[in-house]
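These protein sequence lines are chains A and B, in that order.
Just so you know, our numbering puts the end of the first sequence at 457, numbered straight through with nothing missing.
Just so you know, our numbering puts the end of the second sequence at 921, numbered straight through with nothing missing.
Don't read these hints as lab results, they were simulated from the structure.
It is possible that part of the hints are untrue.
Here are the simulated lysine-lysine pairs, DSS-like style, with alpha carbons at most 30 Å apart [stated by the list, open to error]:
hint: 1; chain 1: B; residue 1: LYS740; chain 2: A; residue 2: LYS414
hint: 2; chain 1: B; residue 1: LYS840; chain 2: A; residue 2: LYS414
hint: 3; chain 1: A; residue 1: LYS456; chain 2: B; residue 2: LYS764
hint: 4; chain 1: A; residue 1: LYS147; chain 2: A; residue 2: LYS173
hint: 5; chain 1: B; residue 1: LYS542; chain 2: B; residue 2: LYS900
hint: 6; chain 1: B; residue 1: LYS811; chain 2: B; residue 2: LYS857
hint: 7; chain 1: B; residue 1: LYS542; chain 2: B; residue 2: LYS593
hint: 8; chain 1: A; residue 1: LYS427; chain 2: A; residue 2: LYS366
hint: 9; chain 1: B; residue 1: LYS900; chain 2: A; residue 2: LYS339
hint: 10; chain 1: B; residue 1: LYS874; chain 2: B; residue 2: LYS823
hint: 11; chain 1: B; residue 1: LYS764; chain 2: A; residue 2: LYS403
hint: 12; chain 1: A; residue 1: LYS414; chain 2: B; residue 2: LYS746
hint: 13; chain 1: B; residue 1: LYS874; chain 2: A; residue 2: LYS339
hint: 14; chain 1: B; residue 1: LYS624; chain 2: A; residue 2: LYS403
hint: 15; chain 1: B; residue 1: LYS764; chain 2: A; residue 2: LYS414
hint: 16; chain 1: B; residue 1: LYS740; chain 2: B; residue 2: LYS840
hint: 17; chain 1: B; residue 1: LYS783; chain 2: B; residue 2: LYS840
hint: 18; chain 1: A; residue 1: LYS238; chain 2: A; residue 2: LYS173
hint: 19; chain 1: A; residue 1: LYS309; chain 2: B; residue 2: LYS874
hint: 20; chain 1: B; residue 1: LYS606; chain 2: B; residue 2: LYS624
hint: 21; chain 1: B; residue 1: LYS783; chain 2: B; residue 2: LYS540
Keep in mind that this is a model prediction, so the values were computed, not measured.
One letter stands for each residue in the lines below.
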Amino acid sequence: MLVKMLPPSIMLKKGKLIVGLGILVISFTLGPPFARAGGSFDRLLEAVVRIDVRETTFAGGSARLVSGVGSGVIMSRDGLVMTNAHVVSPQAVDIWVTLASLERVRAELLGWDHWTDLALLRLDMQDIEERKLGFSVARFGRSDSLKPGQTVYAVGTPHGLSRTVTKGIISNKERYYHDPSGIRGYETGFFNTWLQTDAAINPGNSGGPLVDSAGRVVGINTRTYLGADNLGFAIPEKTARQVMEALEEKGEVERSYIGLSPGFLQDMEGFYSLEANQGMLINSVDPGSPAAMAGIRASDIVLSIDGRKLDGRFPEQIPPIRNLIASYPIGSTLTFEIKRGDNTLSLSVETERLESRVGEEWAFEKWGLTVREVSRTFARELQLESDDGVVVIGTQSAFPAEKAGLLRGDVISKVNQAELVGLEDLKEIYENFDSNPDALLMETQRNRTVSYKVIKP
Amino acid sequence: MTRRIIQGIVAWGYISLCLSKSFSAPAVDELFDERSASILVVEFFVESEIGRRPTSVNGIVIDSNGVIQLSASAVPSWVPVDKLKEFKVYRLGESDSHDATYLGSDREHGWHYVQAEEAIRDKLKPITDYPLAELKTGQPLWGIGVAMKDMDFAPYFMRAEVSTIQKLPETVGFTTSEITSPGSLLFTNEGSLAGWGSSALNMERYLTIEGRRYQAYLRKPDQTTAFYVASELVKSLGNIPESPDINDMTWLGVVGLQTIDDEVAELMGLGDQAAISISQILKGSPAAKAGLVERDMVLSVDGKPLKRYTPRRVVVADFEQQIAGKAIGDSMLLGISRGGELMEIEVVLEQSPKPVRQADRMYFEKTGLTIREFVVYDNVSLKLDLELDEIPGVIVSFVKPNSNAYTGGSQNGDLIKEIDGVAIHGFNQAVSIMEGLESNESKNDFVMLVARGAETSVLRIALD
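One chain only, chain B, in its complex shape (with noise of 0.2 Å):
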């Protein structure tokens, strides 16, 4: 009985997958050629120590100067922006490609920027350009669906219904079947702009193989149900940085934040009030300099309460939102929770410290192995609880398959504390002892001292 039930619900699933693929007429079909020259496929390397590895994505036209925006998760976030190579756009349904340039991404969203050449741009079509919709539940719409680049990324039809609208904190709706690609775009029936897809969600399947029912989650790569809500999407448009690898991230100093739930917050006294609990200030934050300590609860941000999302851990992601939306030198008044004593601390914003993606990286050829420079993220996930400027070595971040450096026992995220007897304190200075070890003719090995975990191991890596 189970089993038919479930040959059911898979059956009904094929078929609804066969509806939303469909490339049944258009009734909008003059819209939809218009629309597709708003969307773009972006295709790059991402380049490392001994590859490269191509990545294609979906982008929109945000301007009429071919200024193209990608999701967040459409650039690694540790990837130095140097080693992102090849930037090159195809326009829909078409297999020439044409010459783009990485412009960087968006503090407060993370979403990257791309400009289209010259050549192209007066064939690109601005989403601003379009009436924006305001949407209902069971609103139809319909998406433009992007193929593989066999298919010349050509633009296919797609169909659904508005299914529900959430803010988590961004307003995100969800349609009752696939509506479009992650990345493209989707239309209210009369042509206004309804949403941008994002990825899809996990969906929970069982599957059944021989018999034994397993559990699977299952994502389609290349077509969705969620999408960020225009009228909401396009007041944040275009925060294009003033070059790619600047970093004007702002930064308070708190680590593992967690969102207090209801019956918490009761027990606490805190009423139905939304709160967040910090777990850890880093020393020499903006929030150690105000007086945050461990523990402490935030209850409002400039006067106004915590908004009570759903779910709850919503909280979290909106509170960073507010630290990413202002600038360096502004100041946040948090309302505060210490042991049930309540109390107001002004902070002041600083710049971040630099992001992994902005340390200095340097290769070793003769010995196989990358080290980069130690950042305040690496104080964080080593649970060193440094002082800001505290640098206790140097962090391995490549080590080459069966190398020198690999069969000595290196590891990816060691941090070397010792090269050959002299304790590191700068990036500079590892470099400098490194290249003189890798030029030293009458070396034939070292030893680093290398800390992972709790732990410390003393390596010898061979130099010839």
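Next comes chain A alone, as it looks inside the complex (with noise of 0.2 Å):
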């Protein structure tokens, strides 16, 4: 029954595509009534990029090249291009970029940003120079002033077809939507809103411009919902541009971090006995983060941090505020005016540097296993007793790690009877079992049980 299914379905969209295609030429060829202003708009077609990488993934137990196809556009003549993290991460290998010429030269990640799911490269500048190759160069729009119902074109290279352009309208300015380990584990979403249109999004479009009629960039194309309908989701240009900076400077967007999960407040302003427009919920605080060592708890109230009135009743109001505390300084000395029952407090919190969930990973070869390393996120979120350690993320089959009994998710806390802080220790470790092989005991905790496992040569 579902094999039967299946074949009409691919056929329909590959149907869909064909004749979504045939709609384009026709548009192009005839050239009646066209929105788009011509000359800036062809420049804009001109620094969209196709994108092709291969990357190490240690999923199964040994690191493996997996490849893949984005978009990405030419924001500068010294030849800076933006796309998704999702596109390209530190953990790729080769980066190809395909130029509108149509001609290949490479490119170097010159720094990445999960939280907005951004990445900036710079192509082969001496080589481009060399093979005398041109490009032209993308500007930005303003997201700020684009208006709902505003028509946008989103252009990319989606299943691997180069240079697809597709035109919808803005439909919702600030889209709230987070995922705390969307982009292959790492955290997404959480200090941006996201621009929402219905110019068709397909996989492949990742990291390519969403552009006004004038050809400037509003937004970067990023996700969309599989299975719906035009819900096609982009990161603002406001975001974009502060990100793509910290990353040509820095390689690398620092936040700081206190450790408070923010909850909406919406219809409870009445419970709280609270001003109009003012105030933010904490849902959660994490043990031991800046927030918890301050005294600030669960079902507090923020009213202002350093002076500035907070307003956090609805989804959408909540990543401008934690994209407000993540932008001071790391180390920086807030005031929190908190609301507790009847009282308000003022609290100092002095904020810490934002880390990922997702550690170091490695392969161990001949051991056929890879780890992550245990990071004070994760620790946390499985409620760990400490943040040492490595977590399995995969064994190979007929591997000693696998022979041994790991499995994906133990966390391997002592080996031989020592305790093993972190990633370095097991490098040591596995560098002596190389030279001189014998069996290694490995004490491994799931879910808070103990098991004893054995590698052997």
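Two chains, two separate frames, one set of hints: put the complex together.
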């Protein structure tokens, strides 16, 4: 039954795709009423690139290469290319960019920021000069001045179809969406809202620009609801511009962390007897975080931070508040004005550096074992006793780790009865094992249950 | 080629199925009729906030007072006794039901007991009337299958041979094909009692559908090849508790017991000694009081080394059964290896803290929420590491679909830490706050602070 149903649905998809292309070709050749501004829009098209990436994955018990296709847009004369963090990550080993002229050049990753799903590449400019290749440069528009209903175009490489232009409107300017493990386990969407558009966005469009009719970049296309019709999402230009600057300068975006999870006050203002349009509810405080140490508790209401009044009633209002906190320099002392019951308190919180839940990954090829360093956030998420140790992310069948019974998700906390602090310890043990193979006793934890496993040469 | 082999296996399986089901005239027809009077079908309802779920299981008569023994899995362990309703029994092949009473469960094996009403007791035949069989591999046996309700639970004849007998740690036998229904009985040709049907094993199978192969695990609900061996079973028959809801479980207070496998034992210098590692010791538990610490390895109990079972995980089951077999106040001498050092530690077993089944509960109609008393089990499952007498709130044990609690975001298993700004430290306190909120006409809504995993959130619940 299932097998019978699949082919027609695939056919249908292909059919749609072909029909779509057909219309596009007609509109270009006949050229009747055309809202887009000709010259500048053509320049934008010349700035959109296809990105082919090969990157290392540690998921299966060994370091393997996987390849993918995405889109990007050239933003400067010196070859800066904006794309998505889920298109090019630090694990990329090969990045090839196909220019509008169909010539291919290498590029390197300058930095990435999974929180906003953005990455910045630099084209191999020496190669471009030597080969006398040309490209044009896109310009940013203003995402703040967009209006719902305004026409926008998405340009990219959906399903590998280079330089595909699709057209739609801005459906919503402030979509709230976050995913604690959306980019291969990395967090995304906490610090920005999204532009929503009905311009067709498909896999491969990722990293391409969303532009207005003058060809100005108002967003970077990022995600879509698979299975839904034309619900696409883009990172607004406002966020993209800031992140691009930081990535060019430092290769990363530094953010402050205090350990608060905000909730929405929606409909609860009465309960907390608050003035209109003020306050942000605290849903959760990370144990051991700066906010916890300062004495902030779940169900407190933050009225202001450093004198800036907060309004966090609706989901859309939360990312800007998170971003406000994150944008203070690391180590800043912030004054929180807090309402707790009938009392108002003033608490000082010193910010820490924001870290991802995903730690460094590594492959121990001879054991058929891939692991990830346990981060502070990951330890808290799993309610582990400490952030020591490494977590198994893959084993290869019939290799020592798999034969020992190690499973994905096991946290290795001790080797030969000695505490394993982190990945570096295990690398050292692996090197010694390599030169002097002897059975190793590993203590693992899974959901607080301790087990012992033996790795044999 | 492969397909042909698979088809062959499937065909063979089908034939053997037909054989085991065949109603061929038993040479033991007289025995069959008499032995069928030792088996009853027990029916009852599990009541929840918004409905009732019917359950029907086979049980065996164990004495002349009409006491019927059911398997441990016959009654879900978390359901409070007062939610088990309308026990009825049916004699095999009859459509009339008779009233019965739930007596509770045996603490060591978890078997449940039900007593049939007096009127039919003289028609029942206790299994203690039969001689016990000594089983050998290959020995022919016959069993009594129980048909479905629309067949009036008619008994039917089944036949197979002993395949193997294992200690797991209960002595369990297996037959060459299905021999009985779970909860029913099997005998030797001479009529000696051979065993009591347990639930069927999962059988690994490959299904080929339109050329695509799928791996599947299949289990028959009504027929089984596995049984508890009678000669061992009768030794622990009829440990009926004083009352259905009594808590006579003993408790050591250790969590996450794991059998140490052979290679690990060797590396740790334990030789070929069976050993169990302890992952966690609960604060305030008998184990903590006696000075056991996390990562201790148990090697012996009361001077006897732990038995090496195959599969090894049975070592843990055996240890747990030894704890359950002791009475409250009994002591247990544990041989321990701590970081290679050997020692003996005496633990005095205490009464187990309240099980979830016995926790107090209250349903709030207006909110659509049942709250349940916090018990030590929650301390473990929520990874809270609290002292034994510390109560961090109450647990949500039911959320009525589309109720105010549901719309407000309540979820089953939430730990309610605060209600309307008041920290919760006991069940009665939570109940009185909830009652106050539900009866307060001027109140339109309230807030709850709940913990879910490592996060908390504030929920607003409407009251209209």
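Hints, verified against the model:
1. B:LYS740 with A:LYS414: Roughly 24 Å separates the two Cα atoms, so the pair holds.
2. B:LYS840 with A:LYS414: holds (21 Å)
3. A:LYS456 with B:LYS764: Roughly 26 Å separates the two Cα atoms, so the pair holds.
4. A:LYS147 with A:LYS173: holds (8 Å)
5. B:LYS542 with B:LYS900: Violated, at roughly 36 Å.
6. B:LYS811 with B:LYS857: holds (25 Å)
7. B:LYS542 with B:LYS593: violated (42 Å)
8. A:LYS427 with A:LYS366: With Cα atoms ~12 Å apart, LYS427 of chain A and LYS366 of chain A stay inside 30 Å; holds.
9. B:LYS900 with A:LYS339: holds (22 Å)
10. B:LYS874 with B:LYS823: holds (20 Å)
11. B:LYS764 with A:LYS403: Since the Cα atoms of LYS764 of chain B and LYS403 of chain A sit roughly 25 Å apart, the hinted pair holds (cutoff 30 Å).
12. A:LYS414 with B:LYS746: With a Cα-Cα distance of about 27 Å, the restraint between LYS414 of chain A and LYS746 of chain B holds, given a limit of 30 Å.
13. B:LYS874 with A:LYS339: holds (19 Å)
14. B:LYS624 with A:LYS403: With a Cα-Cα distance of about 26 Å, the restraint between LYS624 of chain B and LYS403 of chain A holds, given a limit of 30 Å.
15. B:LYS764 with A:LYS414: holds (28 Å)
16. B:LYS740 with B:LYS840: Holds. LYS740 of chain B to LYS840 of chain B sits at ~12 Å (cutoff 30 Å).
17. B:LYS783 with B:LYS840: holds (28 Å)
18. A:LYS238 with A:LYS173: holds (12 Å)
19. A:LYS309 with B:LYS874: holds (29 Å)
20. B:LYS606 with B:LYS624: violated (34 Å)
21. B:LYS783 with B:LYS540: holds (29 Å)
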